[in-house]
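*Asks:* If you're matching them up, the sequences are chains A and B in order. According to this note's numbering, the first sequence is numbered sequentially starting from 1. According to this note's numbering, the second sequence is numbered sequentially starting from 1.
You may find that some hints are simply not true.
DMTMM-like, lysine to aspartate or glutamate: derived pairs with alpha carbons at most 20 Å apart [what the hints assert, rightly or not]: (1) A/K40 x A/E213; (2) A/K40 x A/D167; (3) A/K180 x A/D132; (4) A/K262 x B/D378; (5) A/K262 x B/E369; (6) A/K262 x B/D381.
Some residues of chain A that are not near chain B, with every Cβ distance over 10 Å (derived) [to be verified]: (7) R48; (8) N154; (9) A308.
These are calculated hints, taken from the structure and not from any lab test. Cβ coordinates follow ideal geometry from the N, Cα and C atoms, glycine included.
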Amino acid sequence: MQLELSEEERAFRDEMREFFTTKVSEEIREAVAAGRELTKDQLVESQRTLNAAGLAVPRWPVEWGGQDWSEIQYHIWHEEMERANVPTPLAFNAGMIGPVIAQFGTEEQKQEFLPKTANIDIFWSQGFSEPDAGSDLAGLRTTAVKDGDDWVVNGQKTWTTLGQYGDWIFTLVRTDPEAKKQAGISMLLIDMESEGLEVRPIQLIDGGHEVNEVWFEDVRVPAENLVGELNGGWSIAKFLLGNERVGVAPSGIIKRVIARVKGLAEDRFADDPLLRARIATLENELLALELTAMRVAANSSDGKPHPASSVLKLKGSELQQAVSELVLDLAGPGGLASGATGSSDGGGSELDEWQRLAGPHYLNLRKASIYGGSNEVQRQIISRNILGL
Amino acid sequence: MDFHYDDEQDALREAVRGLVGKAYGDYENRRRAVSDDSGFDEKQWARMAEMGLLGLPFSEEDGGVGAGPVEIGIVCQELGRVIAPEPYLTSVVLAGGLVSACGTREQRQEVLAALSAGERVLAFAHDEPGRTWSPAAEKVTAAQDGDGWTLTGVKEPVPHGAGADVLVVSAALPGGGTGLFLVDGSDAERTGYPTYDGSRAARVRFDATAATPLGEPGLDVTASISTVQDITRVMAANQALGAMQFLLPTTTEYLRSRKQFGVPLATFQALTFRAADMYVSLELTHSMVDWATMVVAQAGREGQGPAAVADAARRVSVQVSAAGRHVGQEAIQLHGGIAMTMEYSVGMYTAHLTALDHLLGDGTHHLRELAAGVTSYDALDPLA
Chain A
1 MQLELSEEER
11 AFRDEMREFF
21 TTKVSEEIRE
31 AVAAGRELTK
41 DQLVESQRTL
51 NAAGLAVPRW
61 PVEWGGQDWS
71 EIQYHIWHEE
81 MERANVPTPL
91 AFNAGMIGPV
101 IAQFGTEEQK
111 QEFLPKTANI
121 DIFWSQGFSE
131 PDAGSDLAGL
141 RTTAVKDGDD
151 WVVNGQKTWT
161 TLGQYGDWIF
171 TLVRTDPEAK
181 KQAGISMLLI
191 DMESEGLEVR
201 PIQLIDGGHE
211 VNEVWFEDVR
221 VPAENLVGEL
231 NGGWSIAKFL
241 LGNERVGVAP
251 SGIIKRVIAR
261 VKGLAEDRFA
271 DDPLLRARIA
281 TLENELLALE
291 LTAMRVAANS
301 SDGKPHPASS
311 VLKLKGSELQ
321 QAVSELVLDL
331 AGPGGLASGA
341 TGSSDGGGSE
351 LDEWQRLAGP
361 HYLNLRKASI
371 YGGSNEVQRQ
381 IISRNILGL
Chain B
1 MDFHYDDEQD
11 ALREAVRGLV
21 GKAYGDYENR
31 RRAVSDDSGF
41 DEKQWARMAE
51 MGLLGLPFSE
61 EDGGVGAGPV
71 EIGIVCQELG
81 RVIAPEPYLT
91 SVVLAGGLVS
101 ACGTREQRQE
111 VLAALSAGER
121 VLAFAHDEPG
131 RTWSPAAEKV
141 TAAQDGDGWT
151 LTGVKEPVPH
161 GAGADVLVVS
171 AALPGGGTGL
181 FLVDGSDAER
191 TGYPTYDGSR
201 AARVRFDATA
211 ATPLGEPGLD
221 VTASISTVQD
231 ITRVMAANQA
241 LGAMQFLLPT
251 TTEYLRSRKQ
261 FGVPLATFQA
271 LTFRAADMYV
281 SLELTHSMVD
291 WATMVVAQAG
301 REGQGPAAVA
311 DAARRVSVQV
321 SAAGRHVGQE
331 AIQLHGGIAM
341 TMEYSVGMYT
351 AHLTALDHLL
361 GDGTHHLREL
371 AAGVTSYDAL
381 DPLA
């Protein structure tokens, strides 16, 4: 039991802090700090900067660009990145399909995809959810039927985040309609330029365009784009979703927003004990979350996610939402001036940008307790897998 | 940064768990022990002395073992797990801690050696009727009487005040500030009574009662009292963690075994989701308790200011207060009527958590302090 970082860990932290605050584009970090939406170019540029320094995909196997770090080092890397307003590496690439290909892919697939994935030479999209398969993912109905050397895919995916930027999409498709639900699913990698594939935008309640529907009509996919075993897609999905929960607690981001709130509300603190108490409560809950992330990291040295990672997802999303609620309340009546979302000129409003963004952000973050396995799914995981209920 | 216990610490936990498990693993034994006059089992106290637990926090020079906060935290967790009624927290950690922090060399060697050996029980007589939690005394006053000192006024409630051999008493000094005094238990007028968690407290009245200044006479030791209270808060949090770690599995076991409507309660998602939320509270609390304990340990090693300890004590108290209420209330609710009875353990665990919550300041008390200082920094860094 020791609180202090070791000398090596301290040096590592300084090194990360130095890199993130000096090497990643100032303009991008400013946009993140202000809570603006990033362009595709900005996401790519930032990740390439990290990748060139070996910092984009540290959790991957070392031979494919990963780092042989301790869990505390991964934690420091993540915290310092968020703290410096550096966009975290694109989840679809770095956290999802990369580790899947590294674990389940053929040698050819690894050679073909992993370097491009780390560098976002391929911008990946996720094709899991369907209109009738949300939390019950195994209910998916998009089919792939073998025709000669190709798979022919038909169906519809939805909630495809940033699908408008996607070059390729990793999908779960039904390859054996006779098998019981989990058993007949496979993973296919599909070029989004393929004929018969169409991306349609979904407008969300914050007015933004973040997610999409992806339609497949007789899309032909070469057989070699199957990942892992035929009808073995469900284990891959579980592996991917398990990884997704690790490091999902955005404690660095929440901390940054709270610090910002203090700056915004500076002149109101003296007269507002309720506001102070609200911030103190959030900070304390955040501290508990951050410490839990460290404790969980320290206990998962075998590479498997600690069962308590569901706690991080649950509490992390709740806190993120609570902080966005606080910011909106602070914006007061000014929060109504949402203007044209994403426009830098305020769409006619001259109120501060943070006030204009507060409402859309609050609405947008309702998603946090739904995605990545909804918080109810996390409670199910805890009660079933941890508590044995 | 390391959340792991070393081998010696694991061994200590095993030994303590064995000792208290033997005594109170069967909840009936705890019920029997708290029905004694003293409110605890004096034989068990002697066994704890024998194992070296009572002297754990004190230096070897003072007759103790010289162990650190992490070790004391382990003991408190294990005592909390069985809600052992022995006054470890109030007698050893709090009252003993004050003697250790403020006493002269002779006082430390005499009092702490006897405490460590289980020969004397200490109590800290500090709270005063009508006042809230504070490190200062106000209503009990100290007066100099020739070469000696006397105390006058009422302290209540004093944990284990009626049975204690030695009272460590706080009193307002004639020149301002708060001083500490040693009073022989039998020299004060004491009325003892049980508390709702089966423990004991007392009203202790001083009427120009002769008292020995602890440490340098007339010195204001408010700051030392505050720090020892903070350390005790962190240890109380360890104890509460142990109690909560008992409540969750006991509740889930009940959900699995208890049948209603012809099926186990665990069939109902309305109940299992609430158990999941208890787990979330418990895990977050576990992290905070470990962290706060490490902060105390680090402050001790590096001789850092008491500010870090005070901050950690407040933060962990806010967390434990909320979690203790959540876990305790839900444990009773998910059990139903059986947890309302004295014969079943769960209700009493919740009673004990409630008592711990109010021993040295509840969540709101500590949140008020945190809220007052919220503008003095940008962001918290637990690794700073």
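*Asks:* Should the label of A/A308 as a non-interface residue stand, given a Cβ cut-off of 10 Å to chain B?
*Replies:* violated, 5 Å
*Asks:* Is the hinted pair A/K262 and B/D381 satisfied, with a Cα-Cα distance of at most 20 Å?
*Replies:* At roughly 16 Å apart (the allowed maximum being 20 Å), B/D381 and A/K262 satisfy the hint.
*Asks:* Hey, is A/R48 genuinely clear of chain B, shortest beta carbon separation above 10 Å?
*Replies:* For A/R48, whose nearest Cβ neighbour in chain B is about 29 Å away, the distance exceeds 10 Å, so it holds.
*Asks:* Measure nothing beyond the straight line between the CA atoms of A/K262 and B/D378; if it is 20 Å or shorter, mark the hint as holding.
*Replies:* holds, 7 Å
*Asks:* Does A/E213 sit within 20 Å of A/K40, going by the straight-line distance between their CA atoms?
*Replies:* holds, 18 Å
*Asks:* Run the distance test for A/K40 versus A/D167: straight-line Cα separation, threshold 20 Å.
*Replies:* OK: A/K40 and A/D167 at ~12 Å, within 20 Å.
*Asks:* Would you assess whether A/N154, listed as outside the interface, keeps its beta-carbon beyond 10 Å of every beta-carbon in chain B?
*Replies:* holds, 35 Å
*Asks:* Hint check: A/K262 vs B/E369, CA-CA at most 20 Å. Holds or violated?
*Replies:* holds, 17 Å
*Asks:* A/K180 and A/D132 were given as a pair; does the straight-line alpha-carbon distance stay at or below 20 Å?
*Replies:* holds, 16 Å
The structure is inconsistent with hint 9 alone, although it conforms to all the rest.
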